[in-house]
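Fit chains B, C and D to the supplied structure of chain A, relying on the hints for placement.
If you want the building blocks of each chain, they are given just below.
Protein chains: 4
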Amino acid sequence: MFGIWGHPDATRMTYYGLHSLQHRGQEGVGIVTTDGERLQGIKGEGLLNEVFDEKKLDSLKGIGAIGHVRYGGKKGIENIQPLLFHSSSGSLALAQNGNLINANDLKHQLEMQGSIFQTNTDTEVLAHLIKRSGYLAQEDKVKNALSMVKGAYSFMMLTEKELIIAQDPNGLRPLSIGKVGDAYCVAAETCAYDLIGAEYIRDVEPGELIIIDRDGIHEERFSLSATHAMCTMEYVYFSRPDSDIGGINIHTARKNLGKQLALEVNVQGDVVTGVPDSSISAAIGFAETAGIPYELGLIKNRYVGRTFIKPTQELREQGVKMKLSPVRKVVEGKRVIMVDDSIVRGTTSKRIVRMLKQAGAKEVHVCISSPPMTNPCFYGIDVSTHEELIAANHSMEEIREIIEADSLTFLSVEGMLKAIGRSENMGKNCGQCMACFTGEYPTEIYPDTPLPYEKEMK
Amino acid sequence: MFGIWGHPDATRMTYYGLHSLQHRGQEGVGIVTTDGERLQGIKGEGLLNEVFDEKKLDSLKGIGAIGHVRYGGKKGIENIQPLLFHSSSGSLALAQNGNLINANDLKHQLEMQGSIFQTNTDTEVLAHLIKRSGYLAQEDKVKNALSMVKGAYSFMMLTEKELIIAQDPNGLRPLSIGKVGDAYCVAAETCAYDLIGAEYIRDVEPGELIIIDRDGIHEERFSLSATHAMCTMEYVYFSRPDSDIGGINIHTARKNLGKQLALEVNVQGDVVTGVPDSSISAAIGFAETAGIPYELGLIKNRYVGRTFIKPTQELREQGVKMKLSPVRKVVEGKRVIMVDDSIVRGTTSKRIVRMLKQAGAKEVHVCISSPPMTNPCFYGIDVSTHEELIAANHSMEEIREIIEADSLTFLSVEGMLKAIGRSENMGKNCGQCMACFTGEYPTEIYPDTPLPYEKEMK
Amino acid sequence: MFGIWGHPDATRMTYYGLHSLQHRGQEGVGIVTTDGERLQGIKGEGLLNEVFDEKKLDSLKGIGAIGHVRYGGKKGIENIQPLLFHSSSGSLALAQNGNLINANDLKHQLEMQGSIFQTNTDTEVLAHLIKRSGYLAQEDKVKNALSMVKGAYSFMMLTEKELIIAQDPNGLRPLSIGKVGDAYCVAAETCAYDLIGAEYIRDVEPGELIIIDRDGIHEERFSLSATHAMCTMEYVYFSRPDSDIGGINIHTARKNLGKQLALEVNVQGDVVTGVPDSSISAAIGFAETAGIPYELGLIKNRYVGRTFIKPTQELREQGVKMKLSPVRKVVEGKRVIMVDDSIVRGTTSKRIVRMLKQAGAKEVHVCISSPPMTNPCFYGIDVSTHEELIAANHSMEEIREIIEADSLTFLSVEGMLKAIGRSENMGKNCGQCMACFTGEYPTEIYPDTPLPYEKEMK
Amino acid sequence: MFGIWGHPDATRMTYYGLHSLQHRGQEGVGIVTTDGERLQGIKGEGLLNEVFDEKKLDSLKGIGAIGHVRYGGKKGIENIQPLLFHSSSGSLALAQNGNLINANDLKHQLEMQGSIFQTNTDTEVLAHLIKRSGYLAQEDKVKNALSMVKGAYSFMMLTEKELIIAQDPNGLRPLSIGKVGDAYCVAAETCAYDLIGAEYIRDVEPGELIIIDRDGIHEERFSLSATHAMCTMEYVYFSRPDSDIGGINIHTARKNLGKQLALEVNVQGDVVTGVPDSSISAAIGFAETAGIPYELGLIKNRYVGRTFIKPTQELREQGVKMKLSPVRKVVEGKRVIMVDDSIVRGTTSKRIVRMLKQAGAKEVHVCISSPPMTNPCFYGIDVSTHEELIAANHSMEEIREIIEADSLTFLSVEGMLKAIGRSENMGKNCGQCMACFTGEYPTEIYPDTPLPYEKEMK
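Residue numbers (this note's numbering), protein chains in the order written: chain A, 386 to 843; chain B, 386 to 843; chain C, 386 to 843; chain D, 386 to 843.
Possibly wrong hints are sitting among the right ones.
Identical copies carry no separate label here, and so any pair may be met within one copy or between two of them.
[What the hints assert, rightly or not] Distance condition first, Cα-Cα at most 25 Å in a straight line; then the derived SDA-like pairs of lysine to any residue:
no.	residue 1	residue 2
1	Lys803	Tyr826
2	Lys706	Phe693
3	Lys735	Gly718
4	Lys695	Asp420
5	Lys441	Glu699
Hints were generated in silico from the structure; no laboratory data involved.
Just chain A, same shape as in the assembly (with noise of 0.2 Å):
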């Protein structure tokens, strides 16, 4: 999720502030773009530059332009952000980050009364509560919608005269603001600002909401009882290593979170090796501290992309690999200690440490730079059902023999909160969500909350 307001070139800024965020989403991409009288927009399934080519980026010209890149979610073209809706009155575009807890049943009432939805997304509720709203200014309209919706939210909305962006109360996704000469630009993630050539600002801060246009921007705040609940996942595993997130960088944060680990730990190994290319960063800190060789144990396969041809169940049990493969010269007659970030369902865990051994690796011992995961996540983070999850339904010597290691270790909540190292004047759990870890979650969750997407994070 990317925004710009009062550059020449607002469309090609985001082009290029997307391609920054694209980890965080290869499903589907859109931009909306307005030159200040009327808002147009283009979107499509895949990568931005399976989306977008010089002629369709050369129609969208702007002086303000939001963009987004989908991770899960229903499919549909309709259903890819930015949402765009045009009225007698005014368009107005709108994107989002996370996952509204109570979307069904807001749905639920706006249908009943007449309203008719375009999408299966939460965001367009959203855009029905504003349109909805008797308030007079644009900026009314949009608190007085936020204030009817629950959960997890990195929010913004484009309109022909201005861009406003807004943070859930308990701040769980990242939302930062930057500057490139005059304009200002919005990220999901700072590595944004180094691409584009921007300079970081400020984080949002929780229950913020702030409007950028002509004028310059202006902070308000729609949620007074606002708490910093980041989420943790995005430390671990899914922002980009050159990001920082409340200060911190996330390659010196997996770093240490490999440091820590390997000080808790007790394993003799010859080598490590990372799981790429998440884990690459734990495993160095991990090598470093422990003093032992780090090597490329394991290559990551660049060129699978959404169209690649998957192998069939008769050449995977051959021996066909698609996404990995093991450096056998590497790990033959070796103790490798294999670091990987996180264990959801266990199925990539075992194929891997299998993949080792069957390439010559003596032992392996798998070393996780994060907690068991042990509670499914309702913010955005697609972390299946708590009946998928194996630390929720297995004990560690049972998931060591299900994975086929030779030993198994989990970083501590503790050790992962002094390596991440967020500062304790944030509040509980130097503000952090753990809830995945501890299921303690920072907002209300209903019976019948749904899960935010439908497939497996890896």
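The following block gives chains B, C and D in isolation, referenced to the frame of chain A:
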């Protein structure tokens, strides 16, 4: 380049084999298969997963197949290999890696005799030589044709009844054979075997010609005056880290190049960082030997595909980046040792040094894990003309100034040979071609020998 | 516009039904089907066979279906009908031929109440009126909505459980019902029944609303003040020659218009030729009555599709033609009677007259098988504004001079009524709308009533 | 087949020229142009407007061009003409209408000598013969090659410097030259000249070879033993009504065939109807002479393109039609005289007779405006094998029964010659090939002479 004979799903095996070789060429891909009765082929521009889908793979049933990925060369789908020729006396498909240095002379002569060429490839010259050969047996025709060409080539040919492969008399490009079940397979790099679950057997010898058919494998020679002159750049830059050439693992060779470089260099630094992807191994080796922390100081932006929209000159000047991003928090205020595998024209190095300095690096020390390139390559690696090679035209100090580094070090030729560690009894230079560093070419070169490709290497 | 209920292959029947109606709109096409449980739709720009292939048809299984071809209207795939809306209380799909003259007022009011529109069609206004209706039964909701709209409309609506159709109170656009096996079908023109092997039952009455579901067919009325004012241009130009409206065959009506014209006109000629395709029947009738040979003096170039490349101005001036070619040997040295169905702006007539003269015609006498058009149409036929209608702004002699004809004759209003031959007891004008000839509109017209389409008719 | 030389927009002129010839082949199209320096070509499967768009046309600048539309023949884009061959001594592009009856023998011989073929066309045989010819001048090479081939061919060849055309010694296929401004153009049918604003000059003579270059037009002969044997089916069925062959207009010839048929036949009817499109002229002529009203009893469904989805067997049995619809009101209760141009296998006639009867026709009398076809064509018209020709295997009465007609009449051979009216001093059969009616072939036929095409004519 990948081939297989005797497998019930030869097509898919070739698809996955090529997948592991995609780094060797991203501009086009083709597969030709035989079911024992006829040859069929599909090819197209772009990556494997852009050219092939389930339906196309299913339409290419076969027990034997060859495939090729294109790196550089003349545009046009007809120039994508394998080339497929039908005739009343049987069909044949050909693929080749390398460069035939007397191709133009041979082509001119054939045209004067009434041959009509369909492509601009040197591979088609081989097809006409084979077709015009007076010999009766297929392998004699091929030997006859190979006796007339000069240069570097790994060669594959598929007919309805057999798979024939050959390696040029200097063994300039890697080629090896493996086995999967009862089927034989042939690949440009051994990483293909791990990915498809095959077992590596041996490298093909210089001057060797091998026929694989329903009766098994027949090993012959078409040239007796063979020497070993394996391309050094395969170790330094071109091959995948999980491949082995001559029994030496590429990642290990690169790590050793980095270690050797750390011994030869005299420079102080706070962090070591590698230029992704090819220099990571060398950087890790350097860090390990030098005792300096290895960090992710540069992030490669995945998703920069063939269709990615490049930033305009204006946006580039505003700081919009494309392939690489610096990690500000990692390099800020630090003395950065930046390890790269080679310098061709110097433009990339200069861009990266600048990027690191703009991100706050106090000093940038460039360490190159190979010697200066002073001579063009005629054997298939695309390293520009003599005029463009920065090291052919400038002193070390001049290069350092041009790339704006605080210091610049190249690995010595002796250090390189030692680090790679090919056996000394392989002859001159331990059996490596080092023409680009030393100017000693293992074959004749003519005044008008064409450079193999039109575009620069990086 | 075609619909069917109760057929095991409703989708394909609709495909073939629409095929016979393709002449009514070539800019876009959509089909929505129901299998009794849910609605599914596919639509796209272009012709039926550009939008649908086997795979898409197969994906749309259904026992009920409606389809629509687009003629003019606002661009954008979202504006292609049928419009499909999902909600928790059930889905509905709507299609409409004609023009709602108070659509803008209704839309504005609905938006003020918080409704969000997805399209620029007047059909969507009906959807919102239906959804907001307080009635419980589906047909009551529809009747309620229809009571609020004014204009010309043939209307179809599909839900999971029924097909509902309605005809506006003036019966301006043709709509009829047929039967094929046990299934009922509905079509804008009766030619659809012949093509799909169905039996024509009867025309839908003005103000009638018909519900077709598993219990059969239910005939109701939503308006009691119904009159017959069938669009005359359907007979003259728009419908297919093999369709019948009000029991009168179109080819026969046109031939009679030609015969009547031959009686009214006073001109000498050697050959009669018609402007293909719509004027062929009239020309044949004219030739028969006048006793002058009918010849192919003009050939229509088939293959001029949506994607055909128009000649540049320069080539057009050099004589490059596109849609029509003259047959030199047929017209050379002859006095040609050129029969056409209507003149809108006069540019086409002028081009054809010139073309015939350049091909050697000695004289060209233009005979039009309908009266002069002096008033714009607000009911769905795309006949330009008042300013563009040549007959609204020029005398007969001026028009003749502009189109460079040797003589010009229009059919009289009385002759036209007599030739078409609708029964006199159908009321005023034998039950025909002749607003474009006489200015007597059968409905209210508002100062800002929009013209239905943006583009000219021919 | 269309060619032009000396026009600044040769490409677009060829595009429009081919547009007028699209009826001669709908399966593929290609254009090759030269700017005087090099040849460039684009081709593809489908119609002209499916293969070309503005961008492609713009990329093919040229002062000379040739183009071809494919009718039948082997599938595969490489087989679409013009064929384009590059070589160091210059490029050439070839296109041909007709069929070379000794192509297989020549191809076999060339392959034995080492030639590699790229296509399955007989046209490529000509290319190899030209390339292998020992003569120095381009026109001598072409004459040399033409001296070795037998059969029916209109031939065009484009090089950087000239356009060469030739007509086989029997003049079996139409070919003529025209002029537009200073440019010469060549077309398979004269209708092309009217469409592009060119002036017809003359037909190319049998055995003639014409070179057009910057110095103008050079008329030569490559064969002195020329006769006139123009394909009769060009008049009856294949050519466009607005074309002339040998000075005779096709529409007029067909109308005369219908008039002659009316004189020969002895049958009572109420209405005359023609099978669209090719039989309309004959039907009008028949009606005029017989004094029976001509009516549209059958409507052709336009929009049945290459990608149209055919009805399933089941739907066809239920009465779903595709290409033709009957006009119920026109034929109901009538004795219908149905005029068609020819009967090949009889299946189409049977389908139409049935269709008319199901629509209510009391009697259907089939009148064919050509004699019975009893022999296959080897010269490029795709009329099945001897086994499939209904008239080769059944008596008149048997055919009548098979097609379920009330009566059946064919035109006499003498009547046909008289109606077409080619001059008697053109030699045998007034200079027409009537092999399909009489079995007298104007060239040698070998035991294994291949039938030109794989599919049936209609």
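Verification of the supplied hints:
1. Taking the shortest Cα distances, Lys803 and Tyr826 sit within 25 Å of each other inside one copy (21 Å), while across copies they are farther apart (58 Å).
2. For a Cα distance limit of 25 Å, the shortest separation of Lys706 from Phe693 inside one copy, 12 Å, qualifies, whereas the shortest one across copies, 28 Å, does not.
3. In this assembly of identical chains, the alpha carbons of Lys735 and Gly718 lie at most 25 Å apart only when taken from the same copy (19 Å versus 42 Å across copies).
4. Proximity of Lys695 to Asp420 under the C-alpha cut-off of 25 Å is restricted to the inter-copy arrangement: shortest distance 23 Å between copies versus 43 Å within a copy.
5. In this assembly of identical chains, the alpha carbons of Lys441 and Glu699 lie at most 25 Å apart only when taken from different copies (19 Å versus 42 Å within one copy).
Of the numbered hints given earlier, the model fails none.
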